[in-house]
Amino acid sequence: MKIKADTGVCVGAGMCALTVPEVFDQSEDDGTVVVLDHDPPASREAAVRRAVQLCPSGALSIEE
Amino acid sequence: MTEAIPGLTYTTARERPFDPPDELTRVREETPIHRMIYADDHEGWLVTGYALARAVLAHPSFSTRPELLHPPIQNRLIKMKEFKTPPGFFIRMDPPEHTRFRKLLTGQFTVRRMKQLEPRIEQITNDRLDAMESQGGPVDLVQAFAMPIPSLVICELLGVPYDDRERFQRDSAVMLSLRSTPEQAKAAMDDLLGYLRDLVRRKRAEPSDDLLGGLVAGGELDEEELAGVGLLLLVAGHETTANMLGLGTFALLTNPEQLAAVRDDPAVVEGAVEELLRYLTIIHIGPIRTALEDVDLDGHLIKAGEAVTIAAAVVNRDPERFGEAETLDVSRPVHGHLTFGHGVHQCLGQQLARAEMRIAYPALLRRFPGLRLAVPAEDVPMRSDMAIYGVHRLPVTW
Numbered sequence: 001m002k003i004k005a006d007t008g009v010c011v012g013a014g015m016c017a018l019t020v021p022e023v024f025d026q027s028e029d030d031g032t033v034v035v036l037d038h039d040p041p042a043s044r045e046a047a048v049r050r051a052v053q054l055c056p057s058g059a060l061s062i063e064e
Numbered sequence: 001m002t003e004a005i006p007g008l009t010y011t012t013a014r015e016r017p018f019d020p021p022d023e024l025t026r027v028r029e030e031t032p033i034h035r036m037i038y039a040d041d042h043e044g045w046l047v048t049g050y051a052l053a054r055a056v057l058a059h060p061s062f063s064t065r066p067e068l069l070h071p072p073i074q075n076r077l078i079k080m081k082e083f084k085t086p087p088g089f090f091i092r093m094d095p096p097e098h099t100r101f102r103k104l105l106t107g108q109f110t111v112r113r114m115k116q117l118e119p120r121i122e123q124i125t126n127d128r129l130d131a132m133e134s135q136g137g138p139v140d141l142v143q144a145f146a147m148p149i150p151s152l153v154i155c156e157l158l159g160v161p162y163d164d165r166e167r168f169q170r171d172s173a174v175m176l177s178l179r180s181t182p183e184q185a186k187a188a189m190d191d192l193l194g195y196l197r198d199l200v201r202r203k204r205a206e207p208s209d210d211l212l213g214g215l216v217a218g219g220e221l222d223e224e225e226l227a228g229v230g231l232l233l234l235v236a237g238h239e240t241t242a243n244m245l246g247l248g249t250f251a252l253l254t255n256p257e258q259l260a261a262v263r264d265d266p267a268v269v270e271g272a273v274e275e276l277l278r279y280l281t282i283i284h285i286g287p288i289r290t291a292l293e294d295v296d297l298d299g300h301l302i303k304a305g306e307a308v309t310i311a312a313a314v315v316n317r318d319p320e321r322f323g324e325a326e327t328l329d330v331s332r333p334v335h336g337h338l339t340f341g342h343g344v345h346q347c348l349g350q351q352l353a354r355a356e357m358r359i360a361y362p363a364l365l366r367r368f369p370g371l372r373l374a375v376p377a378e379d380v381p382m383r384s385d386m387a388i389y390g391v392h393r394l395p396v397t398w
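Line by line, the protein sequences give chains A and B.
Quick note, the first sequence lines up with residues 1 to 64 if you use UniProt numbering.
Quick note, the second sequence lines up with residues 1 to 398 if you use UniProt numbering.
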């Protein structure tokens with residue numbers, strides 16, 4: 001899986017950083033998503049999918 | 001579509017303190033969306049199903065602008081379109097105006113920033129527990145604990161003097177009361193805006209290392225916008241978590257097994273906060289949106305100008321999404337509830353609220369293992385008459 005993040009769409013709610021802090025962080029500046037690991041291991045796949053689903057703004061997507 | 005309930009109107013009147021109104025639940029059992037008559041006789045919609053609620057909140061064609069709003073119930077708050085919404089009150093703006101304000105603030109409310117606040121929240125919580133202990137029971141938990149913790153935290157974060165709380169808590173209570181006349185509510189809002197304008201001027205003269213001070217120094221917003229942003233954050237920052245702490249404790253006190261789990265098992269606390277947010281859904285009116293253009297929602301045509309009210313408390317009990325949704329189960333894995341909303345307006349302060357609740361519930365229950373209601377449960381006065389649901393008072397002893 002490959003994670004795509006659109007910081008133009010992101011509203012900085014922090015659901016991704018809350019759900020998978022190993023993969024997502026937030027910018028100190030404007031709180032928008034920072035992807036720490038664009039290609040996370042399979043062990044985190046379920047959590048990453050949940051983070052994508054929880055994202056309120058639709059800023060996150062997964063390329064298979 | 002079928003008209004299961006002709007002439008359906010909205011209600012905040014509950015049969016039981018922790019469950020949404022039965023009438024709204026019955027709508028969800030029939031259909032996820034239904035026509036509804038608004039307080040101004042507008043014929044709009046009520047959404048009760050989880051999937052449709054999320055779809056509306058994420059859809060760019062649904063607006064929150066006050067001049068387009070129809071009130072689901074007759075009260076001042078929802079008649080905000082009759083007032084001039086203050087500049088900077090970005091919860092009532094659509095993108096891109098909304099984006100400008102939100103982006104200035106999101107960096108202040110990140111998961112990491114809130115983590116850094118935890119030691120201070122713990123200290124504030126312990127101070128309140130010490131005060132309760134030395135005072136001795138019975139006490140009103142709302143005044144002694146539920147209200148002061150989020151109030152102190154948001155004051156420190158924003159840079160609002162806590163000593164002024166009598167004024168802003170009173171104004172905020174009048175603004176949020178469904179019993180206030182439009183004149184009373186407007187006077188309260190104007191008073192609070194005047195207070196915040198003065199505060200902004202003081203921060204311009206004397207720079208301060210807090211959120212409002214930072215916004216003043218940043219120079220992106222003018223004085224009116226700064227006061228409007230301050231109004232939104234101050235009111236949202238203490239009325240919401242305060243009611244979750246009061247109502248959540250009430251719910252736990254009437255569910256002793258759930259209470260014991262939150263008190264005794266630190267691993268349960270994170271999920272328990274999400275479950276209490278879902279189960280209690282203190283947002284009992286809306287969110288409310290207006291269609292900017294015709295939108296097809298799962299086969300239902302929402303015409304431009306029509307209002308959609310999402311019954312969040314009923315949506316959060318949708319069994320298709322949450323299974324045994326009518327039961328409070330703090331040990332269940334729960335995520336995706338709509339208590340903080342969804343879409344671009346999803347609560348800015350939600351990570352702060354989570355931090356406060358994760359600290360405050362277990363700290364209270366561990367300090368007073370014998371905590372119990374000091375009045376019969378049916379005598380606890382409920383906030384059906386306020387824009388945010390909860391308890392007016394919670395007499396407890398230990």
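Quick caveat, the hints were computed from the structure, so don't treat them as lab data.
Ideal Cβ positions, reconstructed from N, Cα and C, are used throughout, including at glycine.
It is possible that part of the hints are untrue.
Simulated coverage check for chain B against chain A, where a stretch passes if three residues somewhere in it have a Cβ under 8 Å from a Cβ of chain A [unchecked claim]:
| hint | segment |
| --- | --- |
| 1 | 156 to 165 |
| 2 | 347 to 354 |
| 3 | 360 to 369 |
Simulated crosslink set (SDA-like; lysine to any residue; CA at most 25 Å straight-line) [said to hold, decoys possible]:
| hint | chain 1 | residue 1 | chain 2 | residue 2 |
| --- | --- | --- | --- | --- |
| 4 | B | Lys-203 | A | Pro-41 |
| 5 | B | Lys-203 | A | Ser-43 |
| 6 | B | Lys-203 | A | Ser-61 |
| 7 | A | Lys-4 | B | Leu-104 |
| 8 | B | Lys-303 | B | Thr-9 |
| 9 | B | Lys-203 | A | Asp-37 |
| 10 | B | Lys-103 | A | Val-9 |
| 11 | B | Lys-115 | A | Leu-36 |
| 12 | B | Lys-103 | A | Glu-28 |
| 13 | B | Lys-103 | B | Arg-54 |
| 14 | B | Lys-203 | A | Lys-2 |
| 15 | A | Lys-4 | B | Thr-9 |
| 16 | B | Lys-115 | A | Ala-5 |
| 17 | A | Lys-4 | B | Arg-201 |
| 18 | B | Lys-103 | A | Gly-8 |
| 19 | B | Lys-186 | B | Gly-214 |
| 20 | B | Lys-203 | A | Ala-59 |
| 21 | A | Lys-4 | A | Ala-42 |
| 22 | B | Lys-103 | B | Leu-292 |
| 23 | B | Lys-103 | A | Asp-6 |
| 24 | B | Lys-115 | A | Glu-22 |
| 25 | A | Lys-4 | B | Leu-292 |
| 26 | B | Lys-103 | A | Asp-30 |
| 27 | B | Lys-84 | B | Arg-167 |
| 28 | B | Lys-103 | A | Ala-42 |
| 29 | A | Lys-2 | B | Lys-84 |
| 30 | A | Lys-2 | B | Ala-58 |
| 31 | B | Lys-103 | A | Leu-54 |
| 32 | A | Lys-4 | B | Pro-60 |
| 33 | B | Lys-84 | A | Glu-28 |
| 34 | B | Lys-103 | A | Ala-5 |
| 35 | B | Lys-303 | A | Glu-22 |
| 36 | A | Lys-2 | A | Ala-59 |
| 37 | A | Lys-4 | B | Arg-54 |
| 38 | B | Lys-115 | A | Lys-2 |
| 39 | B | Lys-186 | B | Pro-207 |
| 40 | B | Lys-115 | A | Asp-37 |
Okay, the hints, checked on the actual structure:
1. For the segment 156 to 165 of chain B, the assignment as covered by chain A is violated, since 0 residues bring a beta-carbon within under 8 Å of that chain's beta-carbons and 3 are needed.
2. As drawn, the segment 347 to 354 of chain B meets chain A at 5 residues by the rule of a beta-carbon pair under 8 Å; at three or more, the given contact holds.
3. Under the rule that three or more residues need a Cβ within less than 8 Å of chain A, the assignment of the segment 360 to 369 of chain B is violated, with 0 such residues.
4. This hinted pair does not check out: B/Lys-203 and A/Pro-41 have alpha carbons roughly 48 Å apart, beyond 25 Å.
5. A C-alpha spacing of about 49 Å is found between B/Lys-203 and A/Ser-43, which places the hinted pair above 25 Å, so the restraint is violated.
6. Taken as a hint, the B/Lys-203 and A/Ser-61 pair is broken in the structure, with Cα atoms around 42 Å apart against an allowance of 25 Å.
7. Restraint check for A/Lys-4 and B/Leu-104: satisfied, since their Cα atoms lie roughly 23 Å apart, inside the 25 Å limit.
8. This hinted pair checks out: B/Lys-303 and B/Thr-9 have alpha carbons roughly 19 Å apart, not beyond 25 Å.
9. Taken as a hint, the B/Lys-203 and A/Asp-37 pair is broken in the structure, with Cα atoms around 41 Å apart against an allowance of 25 Å.
10. As the CA atoms of B/Lys-103 and A/Val-9 are separated by approximately 11 Å, the hinted pair is consistent with the 25 Å bound.
11. Between B/Lys-115 and A/Leu-36 the CA atoms are separated by roughly 18 Å; this keeps the pair inside 25 Å, and the hint holds.
12. Restraint check for B/Lys-103 and A/Glu-28: satisfied, since their Cα atoms lie roughly 11 Å apart, inside the 25 Å limit.
13. Proximity of B/Lys-103 to B/Arg-54 is assessed by CA-CA distance (about 22 Å); at most 25 Å being required, the pair is judged to hold.
14. Pair hint B/Lys-203 plus A/Lys-2 does not hold up; C-alpha atoms about 46 Å apart against a cutoff of 25 Å.
15. Distance check on the hinted pair: A/Lys-4 and B/Thr-9 sit about 43 Å apart at the alpha-carbon level, beyond 25 Å; violated.
16. A C-alpha spacing of about 23 Å is found between B/Lys-115 and A/Ala-5, which places the hinted pair at or below 25 Å, so the restraint holds.
17. Taken as a hint, the A/Lys-4 and B/Arg-201 pair is broken in the structure, with Cα atoms around 43 Å apart against an allowance of 25 Å.
18. Only pairs whose Cα atoms come within 25 Å are accepted, and B/Lys-103 paired with A/Gly-8 is accepted, the gap being roughly 10 Å.
19. Of the pairs offered as hints, the one joining B/Lys-186 and B/Gly-214 is violated, with about 28 Å between alpha carbons and a cut-off of 25 Å exceeded.
20. Of the supplied pair hints, the one linking B/Lys-203 and A/Ala-59 is violated, its CA atoms being roughly 35 Å apart against a limit of 25 Å.
21. Annotation: proposed proximity of A/Lys-4 to A/Ala-42 holds, straight-line Cα distance about 16 Å (limit 25 Å).
22. Of the supplied pair hints, the one linking B/Lys-103 and B/Leu-292 holds, its CA atoms being roughly 24 Å apart against a limit of 25 Å.
23. Annotation: proposed proximity of B/Lys-103 to A/Asp-6 holds, straight-line Cα distance about 14 Å (limit 25 Å).
24. Restraint check: the Cα-Cα separation between B/Lys-115 and A/Glu-22 comes to about 15 Å, which is no more than 25 Å; the hinted pair holds.
25. Between the alpha carbons of A/Lys-4 and B/Leu-292 the distance comes to roughly 29 Å, so the proposed pair goes past 25 Å and is violated.
26. The suggested pairing of B/Lys-103 with A/Asp-30 holds, with an alpha-carbon distance near 6 Å, which does not exceed 25 Å.
27. The hinted pair formed by B/Lys-84 and B/Arg-167 meets the criterion: a straight-line CA distance of about 22 Å does not exceed 25 Å.
28. Simply put, B/Lys-103 and A/Ala-42 have alpha-carbon atoms about 33 Å apart, too far for the 25 Å limit, and the pair is violated.
29. Simply put, A/Lys-2 and B/Lys-84 have alpha-carbon atoms about 46 Å apart, too far for the 25 Å limit, and the pair is violated.
30. This hinted pair checks out: A/Lys-2 and B/Ala-58 have alpha carbons roughly 23 Å apart, not beyond 25 Å.
31. Among the hinted pairs, B/Lys-103 with A/Leu-54 is consistent with the structure: their alpha-carbon atoms are about 20 Å apart, no more than 25 Å.
32. For the hint linking A/Lys-4 to B/Pro-60, the alpha-carbon distance of about 21 Å falls within 25 Å, and the restraint holds.
33. In summary, the hint linking B/Lys-84 to A/Glu-28 is not supported, as the alpha carbons are separated by about 34 Å, beyond the 25 Å threshold.
34. For the proposed pair B/Lys-103 and A/Ala-5, the alpha carbon gap of about 16 Å is at most 25 Å, so the pair holds.
35. Straight-line distance between C-alpha atoms of B/Lys-303 and A/Glu-22 comes to about 44 Å, which puts the hinted pair past the 25 Å bound.
36. Using a Cα cut-off of 25 Å, the hinted pair A/Lys-2 and A/Ala-59 holds, with the two alpha carbons roughly 14 Å apart.
37. A threshold of 25 Å between alpha carbons decides the hint, and for A/Lys-4 with B/Arg-54 the separation of about 21 Å falls inside it, so the pair holds.
38. Between B/Lys-115 and A/Lys-2 the CA atoms are separated by roughly 28 Å; this puts the pair beyond 25 Å, and the hint is violated.
39. Distance hint between B/Lys-186 and B/Pro-207 is unfulfilled; the C-alpha atoms sit about 30 Å from each other, more than 25 Å.
40. Proximity of B/Lys-115 to A/Asp-37 is assessed by CA-CA distance (about 21 Å); at most 25 Å being required, the pair is judged to hold.
In the structure shown, a violation is registered for the earlier hints numbered 1, 3, 4, 5, 6, 9, 14, 15, 17, 19, 20, 25, 28, 29, 33, 35, 38 and 39, in ascending order.
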